[in-house]
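**Q** Sequence order for the protein chains is A and B.
Heads up: the first sequence at position 476 corresponds to 476 in the numbering used here, and the numbers run straight through without jumps.
Heads up: the second sequence at position 104 corresponds to 104 in the numbering used here, and the numbers run straight through without jumps.
It is worth saying that the hints were derived from the structure and are not from the lab.
A portion of the hints provided could be inaccurate.
Said to hold, decoys possible - Straight-line alpha carbon distances no greater than 16 Å define the calculated EDC-like cross-link-like pairs of lysine to aspartate or glutamate that follow:
1. LYS218/B <-> ASP308/A
2. LYS216/B <-> ASP215/A
3. LYS309/B <-> ASP308/A
4. LYS216/A <-> GLU135/B
5. LYS309/A <-> ASP308/B
6. LYS107/B <-> GLU135/B
7. LYS218/A <-> ASP215/B
Unchecked claim - One side only, chain B facing chain A, incomplete, derived with CB under 10 Å:
8. ALA40
9. TYR217
10. ARG236
11. ASN299
12. ARG302
13. GLY311
14. TYR361
15. GLN366
16. LYS473
Where is the CB? At the ideal position from N, CA and C, for every residue including glycine.
2 protein chains.
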Amino acid sequence: MDKTPGIRFQNGSATIVVWAPRAKSVALHLVKHNSQLSLAAKKRGYWELETTQIQPGDLYKVVIDEQFFPDVASVAQPEGVHGPSQALDLAHFERTGTAWENPALDKYIIYELHTGTYSPEGTFDGIIGKLDHLEELGITAIELMPVAQFPGGRNWGYDGVFPYAVQTSYGGATGLMRLVDACHARGLAIILDVVYNHLGPEGNYFNNYGPYFTDKYKTPWGSAVNFDDAGCDGVRHYVVENALMWFRDFGVDALRLDAAHAIKDFSPVHILRELSQQVLALTKQTGRLYHLLAEVDLNDTRFIDPLDKCGYGLNAQWIDEFHHALRVSAGGETSGYYADFSGITDLAKSYRDAYVYDGVYSAQRQKTFGTKADHRPGGQFVVFSQNHDQVGNRMLGERSTELFSFEMQKLMAGAVLIAPYLPLLFMGEEFSARSPFLYFIDHSDPKLVEAVRKGRSEEFKAFKTKSEVPDPKDKNTFDRSKLPWNDYHLSTGKAMFNYYKALIALRKQLPALAIPDRGSVRVEVLADKNILLLQRGKLQQVCAVLNFSREIQAVELPAG
Amino acid sequence: MDKTPGIRFQNGSATIVVWAPRAKSVALHLVKHNSQLSLAAKKRGYWELETTQIQPGDLYKVVIDEQFFPDVASVAQPEGVHGPSQALDLAHFERTGTAWENPALDKYIIYELHTGTYSPEGTFDGIIGKLDHLEELGITAIELMPVAQFPGGRNWGYDGVFPYAVQTSYGGATGLMRLVDACHARGLAIILDVVYNHLGPEGNYFNNYGPYFTDKYKTPWGSAVNFDDAGCDGVRHYVVENALMWFRDFGVDALRLDAAHAIKDFSPVHILRELSQQVLALTKQTGRLYHLLAEVDLNDTRFIDPLDKCGYGLNAQWIDEFHHALRVSAGGETSGYYADFSGITDLAKSYRDAYVYDGVYSAQRQKTFGTKADHRPGGQFVVFSQNHDQVGNRMLGERSTELFSFEMQKLMAGAVLIAPYLPLLFMGEEFSARSPFLYFIDHSDPKLVEAVRKGRSEEFKAFKTKSEVPDPKDKNTFDRSKLPWNDYHLSTGKAMFNYYKALIALRKQLPALAIPDRGSVRVEVLADKNILLLQRGKLQQVCAVLNFSREIQAVELPAG
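Just chain A, same shape as in the assembly:
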């Protein structure tokens, strides 16, 4: 089985592939003719049809044992998650055809953004309107929070239920392709956040198709996606083909795999390893470079160890621990997951060793946690001082702007941009945007909405005395999270922007900073002064003084 699930066009005819291993009959219901096309049963639960009766743009539903469902592998859901699916010919969109070459990951300076709140329009075209801004800032890659079709018009994206379909309200598949082309024309790479560890609760028709889930493992989002239980072959194929589609058909440069630690798989070949192998095979076919990044909360290099060292072969991973250590150093909260971090000593450790918990006991996790990561190059780690999760999972969604002084925001930006790792910014931090980034949803199922409200409310029980938990379903919660571009024109906004711009330029220009080379990193902690000295570079050396003390202090620079 190497056919992509869903509908694909070639030479005027459509190939329809549905995986429904328990079905007795499978057909396609064509909305325009109110007619049905029967699919033929193939091996291992696949159903297929090649036909000229379906054209790009046609609406359809899949009929399994006489019940009608949207196609879980559809590439468009123009009427939302419960509506009919739409056939599109992905290979025949007009592309601008830039001679784009995806840079090595070492060159990535990443800017994470949420399509719905980034621009006033809340669309891919809205992002295109901001590319002047991003080009001037100097970042080299944008990372889109998930764009797979989710219920309603407002969502972070992690409730997506059609992993092959691009959110219609964002501009759908064509909109995303226009954005990819526009980015490439400006020399910007594009990273897409994809969610393979769970699927959203509303519009989730997967159980009608096959064993996409298993209760062998428990995840924070319920049943785990089935990567190793009975029927897993079809699920693995579905996920691998999805990843390949973004690279091959959309021209995306990299994927960011959400919560890779929650991708449970005890097969001989872990699904992430298989994914790496398949992506390498695609590179061989196309001659193009693709990167796989992952959010991983395990401090376990097996995710980023190369394939020939028994690793999963992912190219890089996020390290939240750098963030935690940095925020504690900057005087932020020390409760919750921050409790494990003690400030600049841990920040120094993260500069040195990437992981703070690298085989030592974590009181927060109540176990010995992590492995050494000495052997992995700096370009395999992504660091940040804030991101959508760290901001948005606060009850009031405050950015650093609201929590730290202007000077401290600058220090934190510096700490990230001089790190021997890949820096990531969260949209708006470059001009000290003051808006919150709140948690918002737009599900239509009232019970589910109530459950989300309740969950959110319970999560922040301890804090609620001071203020109300913003209602995730309220459109106002979404509107308040829209990036306030006016802040850019404030004196603080402009000043911060110029500071970020200068820092990014410095990172690109100075050989000592440009390459995430861990070998030349030397860190010194002046504990009594609350100052950290970071030296980088071999021939040319750079020494950064990170003064977290809020006071002006004299420091003797190390020799050399």
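Given chain A's structure and the hints, the job is docking chain B onto it.
**A** Just chain B now, with coordinates in the frame of chain A:
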């Protein structure tokens, strides 16, 4: 923390170690004085005391927050699983001190037995009484089904709840030590079956101590043992120290790890890998060789790949697939898990490749299953034509004696003993014992007994029309499973014994058979004749003709 949990004696004083991370107070209640000794809280949930007030032989309970429990790390439960624990000085038993050297695993010809049913006495001493028989047979290692204290007096051993305590009715710690010494004096190695994937339901006081279980993973026996969730450090330590105890204090030569596939651990270092590392460290200390074997149902060489090849470093694994292919070849059932096996073609594959499912689709498991095992030597695989599970998990517990002709039993024995793997026999097969090996328990909790009866009854619903499911709790079920030594004196018994004896002698004498060398294996299938030709050996060659057809047939031997 490197102290063994429980009570250990040194220089006349006792060190008491209890892991109870949630406790507010921990004490030892001494039965003889009706007095309490308080333990001091140490790091990470450990409680300790060094005292001269407790002597070997003393009975005690552990008092956690004023509640009394048996010690989950006790080395003796003389009054059963609910009674007080007993302190013993393991290091000071009289040992016969044979100059024993554990042979390389390649030399192992294994004989699996169940202590309670092997001899009329049902004890370790009862086994000692049969060592003449075993020595004459020629096997080189006995494998004891689990001996950790279980509820009541009759159990296969997989309901054990005191992994450090030797079943009192078998003869306890001293009895086991006597058996080890007696085996070694005869040149026999001793393998102990240990269960680290679950713990029994009755007499299970672990939840009163700490987070020994996690609901992150589902196993056939309920919650998984906690090897990677909060609090796992204490559990890992408990398991590793237990394994080391059998080697160090009891002189056991090898452990057989039950259902290693159900040991769920996603830590950077899998607990089985850690176990291998610790056992190697013990070898460095003592200069003695120890082997780790595992029952694994995953066809994944990661369990037996060496430590420096990212494996868990176990020395060998059982391969049930050889058994399944062999039984189907012999004309046994073809339903249930046998449905995946097609007879001599699969048997040939197992001779050649060890795993039958090595990356191919399994209809039974409904997924692509397994990896190639070409790179692992034959001495890493254990094969058999029956074992306690394959016999005992049948409704009526029939051995091959009841299911196959005398000649077919001989053919199956031959198939196992000429394999380029480690052969394993199940007690009694060497004299065609006719007794069943039934499933029996002796729990005292009536609800639990009823649940076991019901479970057993449901399991065999489809078969029950013909006969009744034997009652697991009925003492008669146990008594019927006792090995009928009288059968040995029947003409069939004696004939079969001589046949086994000759085969084993042949395996030891012929260089082509003595070493489980896969490199020299050549297999040919004569499908129309239902004959398999197996050639082994390089300089000296052996060719075995396995005729599964029930007819006398002429065969041309391959050249060479």
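**Q** Given the hinted pair LYS107/B and GLU135/B, is their alpha-carbon gap at most 16 Å?
**A** 15 Å, holds
**Q** Taking the least C-beta to C-beta distance, is TYR361/B closer than 10 Å to chain A?
**A** 7 Å, holds
**Q** Has the given pair, LYS216/A with GLU135/B, been kept, meaning a C-alpha gap of at most 16 Å?
**A** 45 Å, violated
**Q** Given the hint that LYS218/A pairs with ASP215/B, does the C-alpha gap stay at or below 16 Å?
**A** 7 Å, holds
**Q** Would the stated hint for LYS473/B survive a check requiring a Cβ distance to chain A of less than 10 Å?
**A** For LYS473/B, the interface hint is violated, since the closest Cβ of chain A sits about 31 Å away, which is over 10 Å.
**Q** Mind checking the CB of ASN299/B against every CB in chain A and telling me if the closest is under 10 Å?
**A** Hint on ASN299/B: holds, closest Cβ of chain A at ~8 Å, below 10 Å.
**Q** Quick check on GLN366/B please, does its C-beta sit within 10 Å of some C-beta on chain A?
**A** Holds - the Cβ of GLN366/B comes within 10 Å of chain A, reaching about 4 Å at its closest.
**Q** Is LYS309/B within 16 Å of ASP308/A, Cα to Cα?
**A** With Cα atoms ~10 Å apart, LYS309/B and ASP308/A stay inside 16 Å; holds.
**Q** With a cut-off of 10 Å on the beta carbons, see whether GLY311/B makes it to chain A.
**A** 9 Å, holds
**Q** Would the hint on TYR217/B stand, with a C-beta cut-off of 10 Å toward chain A?
**A** 6 Å, holds
**Q** Is the Cα-Cα distance between LYS216/B and ASP215/A 16 Å or less?
**A** Status holds; Cα separation ~10 Å.
**Q** For the hint on ARG302/B, does the least C-beta distance to chain A fall short of 10 Å?
**A** Status holds, d = 7 Å.
When the structure is compared with the earlier hints, violations turn up for hints 1, 4, 8 and 16 and for no others.
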